[in-house]
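J.: This is what each chain is made of:
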Amino acid sequence: MNFKSFLEKITSTFNVSRGTLTTIPPIILEGATAMKPGLSPKMIASNIIKRQIEAGAPIGANIDGSANIAESMEVIRVEEILKALMLDCRVDVVIPINAINVIGTGASPGGPVTVISSNKIPIGAYGIIR
Amino acid sequence: MASKIGDLQSEALGIVSSIRTLLEGYPKMVEGHFNIFASLGGSKNTMDYLYNFLTTIGVTNEEIIEKVSTFLTGNGEQGFLDTIEPWIKAALLTNIKSVMGCSIEPIIPDELFDKYKTTLSEKDAIGEGISVPISAIDFMGTLNMCPTSEIGKNYYYDAYGTYYPSNLWQTRDMNAFLWYTINKGVIGDKKLIWDNRNSILTDDWLYKKSDFLTSTGGTIEGLGISKNKIAQFSYSENYGELNDKLTVRICADNYYRKKMWPDLSKDAPLIHKNKTIFEFNYDFIYSFKLFDSKVLVASIIDNLIHGSYGVNINLSSNGLVVNGQIQKIIKKIIESEDDESVINDCYFDFSNEEYDALLLETEKKRLEFNDFSYGNKLQLSSSKILDNLSGITSESSLQEIKDSIKTTIFSFTEEAANDANGNSYNSDVKNNTKRDVINRILNEITTNIVISVLSPKVMLLMEFNKYVFGVNNKDNTKVTNPGEYFQKEIMGTMQGLIVSIIKKVVNLVMTYFYNFAIDAFKKMAEAFMIDLLLEKIQLYKRLLERLYSDYKIWLSSMTKKTTSTNNIDDVTYADIAQSTPITTTC
Numbered sequence: 119m120n121f122k123s124f125l126e127k128i129t130s131t132f133n134v135s136r137g138t139l140t141t142i143p144p145i146i147l148e149g150a151t152a153m154k155p156g157l158s159p160k161m162i163a164s165n166i167i168k169r170q171i172e173a174g175a176p177i178g179a180n181i182d183g184s185a186n187i188a189e190s191m192e193v194i195r196v197e198e199i200l201k202a203l204m205l206d207c208r209v210d211v212v213i214p215i216n217a218i219n220v221i222g223t224g225a226s227p228g229g230p231v232t233v234i235s236s237n238k239i240p241i242g243a244y245g246i247i248r
Numbered sequence: 006m007a008s009k010i011g012d013l014q015s016e017a018l019g020i021v022s023s024i025r026t027l028l029e030g031y032p033k034m035v036e037g038h039f040n041i042f043a044s045l046g047g048s049k050n051t052m053d054y055l056y057n058f059l060t061t062i063g064v065t066n067e068e069i070i071e072k073v074s075t076f077l078t079g080n081g082e083q084g085f086l087d088t089i090e091p092w093i094k095a096a097l098l099t100n101i102k103s104v105m106g107c108s109i110e111p112i113i114p115d116e117l118f119d120k121y122k123t124t125l126s127e128k129d130a131i132g133e134g135i136s137v138p139i140s141a142i143d144f145m146g147t148l149n150m151c152p153t154s155e156i157g158k159n160y161y162y163d164a165y166g167t168y169y170p171s172n173l174w175q176t177r178d179m180n181a182f183l184w185y186t187i188n189k190g191v192i193g194d195k196k197l198i199w200d201n202r203n204s205i206l207t208d209d210w211l212y213k214k215s216d217f218l219t220s221t222g223g224t225i226e227g228l229g230i231s232k233n234k235i236a237q238f239s240y241s242e243n244y245g246e247l248n249d250k251l252t253v254r255i256c257a258d259n260y261y262r263k264k265m266w267p268d269l270s271k272d273a274p275l276i277h278k279n280k281t282i283f284e285f286n287y288d289f290i291y292s293f294k295l296f297d298s299k300v301l302v303a304s305i306i307d308n309l310i311h312g313s314y315g316v317n318i319n320l321s322s323n324g325l326v327v328n329g330q331i332q333k334i335i336k337k338i339i340e341s342e343d344d345e346s347v348i349n350d351c352y353f354d355f356s357n358e359e360y361d362a363l364l365l366e367t368e369k370k371r372l373e374f375n376d377f378s379y380g381n382k383l384q385l386s387s388s389k390i391l392d393n394l395s396g397i398t399s400e401s402s403l404q405e406i407k408d409s410i411k412t413t414i415f416s417f418t419e420e421a422a423n424d425a426n427g428n429s430y431n432s433d434v435k436n437n438t439k440r441d442v443i444n445r446i447l448n449e450i451t452t453n454i455v456i457s458v459l460s461p462k463v464m465l466l467m468e469f470n471k472y473v474f475g476v477n478n479k480d481n482t483k484v485t486n487p488g489e490y491f492q493k494e495i496m497g498t499m500q501g502l503i504v505s506i507i508k509k510v511v512n513l514v515m516t517y518f519y520n521f522a523i524d525a526f527k528k529m530a531e532a533f534m535i536d537l538l539l540e541k542i543q544l545y546k547r548l549l550e551r552l553y554s555d556y557k558i559w560l561s562s563m564t565k566k567t568t569s570t571n572n573i574d575d576v577t578y579a580d581i582a583q584s585t586p587i588t589t590t591c
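Those protein sequence lines, which keep their order, are chains Y and A. First residue of the first sequence: 119, per my numbering; consecutive thereafter. First residue of the second sequence: 6, per my numbering; consecutive thereafter.
Hints in this document: simulated from the structure, not taken from any laboratory. Some hints could be false.
Claimed, not checked - List of simulated lysine to aspartate or glutamate pairs, EDC-like, C-alpha gap at most 16 Å:
{"no.": "1", "chain 1": "Y", "residue 1": "Lys127", "chain 2": "A", "residue 2": "Asp555"}
{"no.": "2", "chain 1": "Y", "residue 1": "Lys122", "chain 2": "A", "residue 2": "Glu358"}
{"no.": "3", "chain 1": "Y", "residue 1": "Lys127", "chain 2": "A", "residue 2": "Glu531"}
{"no.": "4", "chain 1": "A", "residue 1": "Lys527", "chain 2": "Y", "residue 2": "Glu126"}
{"no.": "5", "chain 1": "Y", "residue 1": "Lys154", "chain 2": "A", "residue 2": "Asp524"}
{"no.": "6", "chain 1": "Y", "residue 1": "Lys122", "chain 2": "A", "residue 2": "Asp53"}
{"no.": "7", "chain 1": "A", "residue 1": "Lys557", "chain 2": "Y", "residue 2": "Glu148"}
{"no.": "8", "chain 1": "A", "residue 1": "Lys278", "chain 2": "A", "residue 2": "Asp249"}
{"no.": "9", "chain 1": "Y", "residue 1": "Lys154", "chain 2": "A", "residue 2": "Asp53"}
{"no.": "10", "chain 1": "A", "residue 1": "Lys9", "chain 2": "Y", "residue 2": "Glu148"}
{"no.": "11", "chain 1": "Y", "residue 1": "Lys127", "chain 2": "A", "residue 2": "Glu550"}
{"no.": "12", "chain 1": "Y", "residue 1": "Lys122", "chain 2": "A", "residue 2": "Asp115"}
{"no.": "13", "chain 1": "Y", "residue 1": "Lys127", "chain 2": "A", "residue 2": "Glu468"}
Said to hold, decoys possible - For each label pair, taking beta carbons as the anchor points, the in silico distance ranges come out as:
{"no.": "14", "chain 1": "A", "residue 1": "Arg551", "chain 2": "Y", "residue 2": "Gly224", "range": "38 to 44 Å"}
{"no.": "15", "chain 1": "A", "residue 1": "Ser15", "chain 2": "Y", "residue 2": "Pro176", "range": "45 to 51 Å"}
{"no.": "16", "chain 1": "A", "residue 1": "Leu560", "chain 2": "Y", "residue 2": "Ala188", "range": "39 to 45 Å"}
{"no.": "17", "chain 1": "Y", "residue 1": "Asp210", "chain 2": "A", "residue 2": "Lys333", "range": "38 to 44 Å"}
{"no.": "18", "chain 1": "Y", "residue 1": "Asn186", "chain 2": "A", "residue 2": "Leu365", "range": "27 to 33 Å"}
{"no.": "19", "chain 1": "A", "residue 1": "Ser15", "chain 2": "Y", "residue 2": "Asp210", "range": "18 to 24 Å"}
{"no.": "20", "chain 1": "A", "residue 1": "Lys528", "chain 2": "Y", "residue 2": "Asn237", "range": "19 to 25 Å"}
{"no.": "21", "chain 1": "Y", "residue 1": "Arg248", "chain 2": "A", "residue 2": "Lys9", "range": "19 to 25 Å"}
{"no.": "22", "chain 1": "A", "residue 1": "Ser402", "chain 2": "Y", "residue 2": "Ala175", "range": "49 to 55 Å"}
These numbers come from a predicted model, not from an experiment. We put the beta carbon where it would ideally sit given N, CA and C, even for glycine.
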């Protein structure tokens, strides 16, 4: 074993298969997404600052009474990241083949007609993050 | 080293650092001020990197010392050093065969034997053998030390206990035997026989069957049987000359083939074939031990602290130059393997400027104190540290040997972490010093194993092979500078062989420590994979709970919407009263 293969062995750790995500039942998703409150930079920054102490970072004003710049920076950082995500980000959605199923009824000279169809190609759609 | 390797180095260290952070919550500062990423910016030394890697994944100095001690001890599960010995011996034999040349029939010529016949009627002739100055085979100055002296006892592996200078002809350590030949064999022009050390060493008149005791205390049967004899040694002092001569002849008893006389009535030319040099090589190389735990540890420590002495006691300046050359070759080999580049012949050459720089560097190093403690000049006593090895004897168990090595290395780290008055520095300096010492020990292991291979006994074998294959040195009758001799003559004539051996050593040593690092990392990686799985399950559970909760609210709002009394109801025909209004009575 040489140095390169040793390094490759270590770096391959992150590339191992982690399995796929479990699908969320669409019926729950449909209802739950309608109730989402949306992203709040202030809430996120607040949660981070609250947990700073877990990493040993000081919270509140500095010992000399001056403002804690790290906390202000945290707010700015989260605001900017979310601003970019909410204003600039585009979510591309794909509707897989056969995901949309349609049943239609009608009439014809020969009698009632039932039509069953589904999408035969993947369908793209857009979305945004809020 | 290619930049790709540099990227991989950063990535690997970044991965282990982040995994450790994720597993342990938040990054833990390494004790002291040592920068764990130091090897990323400046040094590209593989061992430095490996050490940083190990400490980053949380392997302690004690665990590293334990592993190093295991490496340097015995064989099998309890050690590693003896395991690599057959590998190196096999590599030596194979490479001599391939490097020296396959086209020539390597029959040992008559003039190398201690006796041979030129004609049927004549008496036995004595071959010239090979004659070499000691300085041409002893680059490190090992043979300057008496094997039984206080300093020398750590540099020979079979020279303690019942040995004293005058009976060292019995030793199983060929270097000690050479010391005896040089220092005691000269008296009375002795001719000393080196035979298979699994059997017995004897000389022409000192031989006593019962003198040589085995490690188990019994005598060895069959002492002096001719089939065990390998080579005959003699030493001559040439007063007025710069170098004395060690003359070695191959024992005819085993390698000189009996002559076949086609016609006994005539003094016809001889028809015979002696044994090949390869057969001799095999017997020679298996007649001694290449590596010994105690000798190796002593060499490593001595190389690291030799600068503490202003006098040349253990390692000559020339030895330091050879050491420096070998270190550079090792570095080039490791880096070239990583680059997967083709190694050309001139790759390991040293220019005159490089050689001079190396000489200056080693001389400076030797004259100055070693700086282990970040600016604090130390005066370490290697004898005090190496005293810990004195417990190792031929009767020691592998565990005892390992314990002695561990104690020695611990003692070294402790001694280095004290100031000149023996007072301990503050914890930061102490920790940094210990890290530094262990890191340097790791770096010295490969170099010292290679130096053990290039010891006088192996260099003697090379001399025989060079003679048989017609690889001629320049005049080696006067070797005034072994460092230069090694660079120009040894590397010049046997570069391919030496580089092959060094590559083998590097591969074995590095693989051992890579595997150690991977095993240590595996535990961390497994914990991380379990953590990832748990994280995934927990996140899914939390998401599902949250979504279900939102879904229920949504569902409830939808239900309320359909049952509210305030809603406008649909009016259908069925809601209209079925009675007809009365209009005729108005």
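J.: Within 18 to 24 Å: is that where the Cβ-Cβ distance between serine 15/A and aspartate 210/Y falls?
T.: Once the Cβ atoms are compared, 32 Å apart, the range 18 to 24 Å for aspartate 210/Y and serine 15/A is violated.
J.: Is the straight-line distance between the alpha-carbon of lysine 127/Y and that of aspartate 555/A 16 Å or less?
T.: 44 Å, violated
J.: Take a look at whether the Cβ-Cβ distance between arginine 248/Y and lysine 9/A falls inside 19 to 25 Å.
T.: 42 Å, violated
J.: Assuming the hint says 39 to 45 Å, is it satisfied by the Cβ distance from leucine 560/A to alanine 188/Y or not?
T.: 43 Å, holds
J.: Can you confirm whether the C-alpha distance between lysine 127/Y and glutamate 550/A stays at or below 16 Å?
T.: Violated. Lysine 127/Y to glutamate 550/A sits at ~38 Å, over the 16 Å cutoff.
J.: Check whether the Cα positions of lysine 557/A and glutamate 148/Y lie no farther apart than 16 Å.
T.: 11 Å, holds
J.: Lysine 278/A and aspartate 249/A were given as a pair; does the straight-line alpha-carbon distance stay at or below 16 Å?
T.: Distance ~33 Å between lysine 278/A and aspartate 249/A Cα, so the pair is violated.
J.: For lysine 527/A and glutamate 126/Y, compute the direct alpha-carbon distance and say whether it is at most 16 Å.
T.: 14 Å, holds
J.: Would you check the hint for lysine 122/Y and glutamate 358/A, treating anything up to 16 Å between C-alpha atoms as holding?
T.: Cα-Cα ~31 Å, so violated.
J.: Please verify whether lysine 154/Y and aspartate 524/A have alpha carbons no more than 16 Å apart.
T.: Violated, at roughly 46 Å.
J.: Is lysine 154/Y close enough to aspartate 53/A, meaning Cα to Cα at most 16 Å?
T.: Violated: lysine 154/Y and aspartate 53/A sit about 52 Å apart, past 16 Å.
J.: If you draw a straight line from the CA of lysine 127/Y to the CA of glutamate 468/A, is it 16 Å or shorter?
T.: The hint is violated at about 43 Å.
In summary, the numbered hints that this structure violates are 1, 2, 5, 8, 9, 10, 11, 12, 13, 15, 17, 18, 19, 20, 21.
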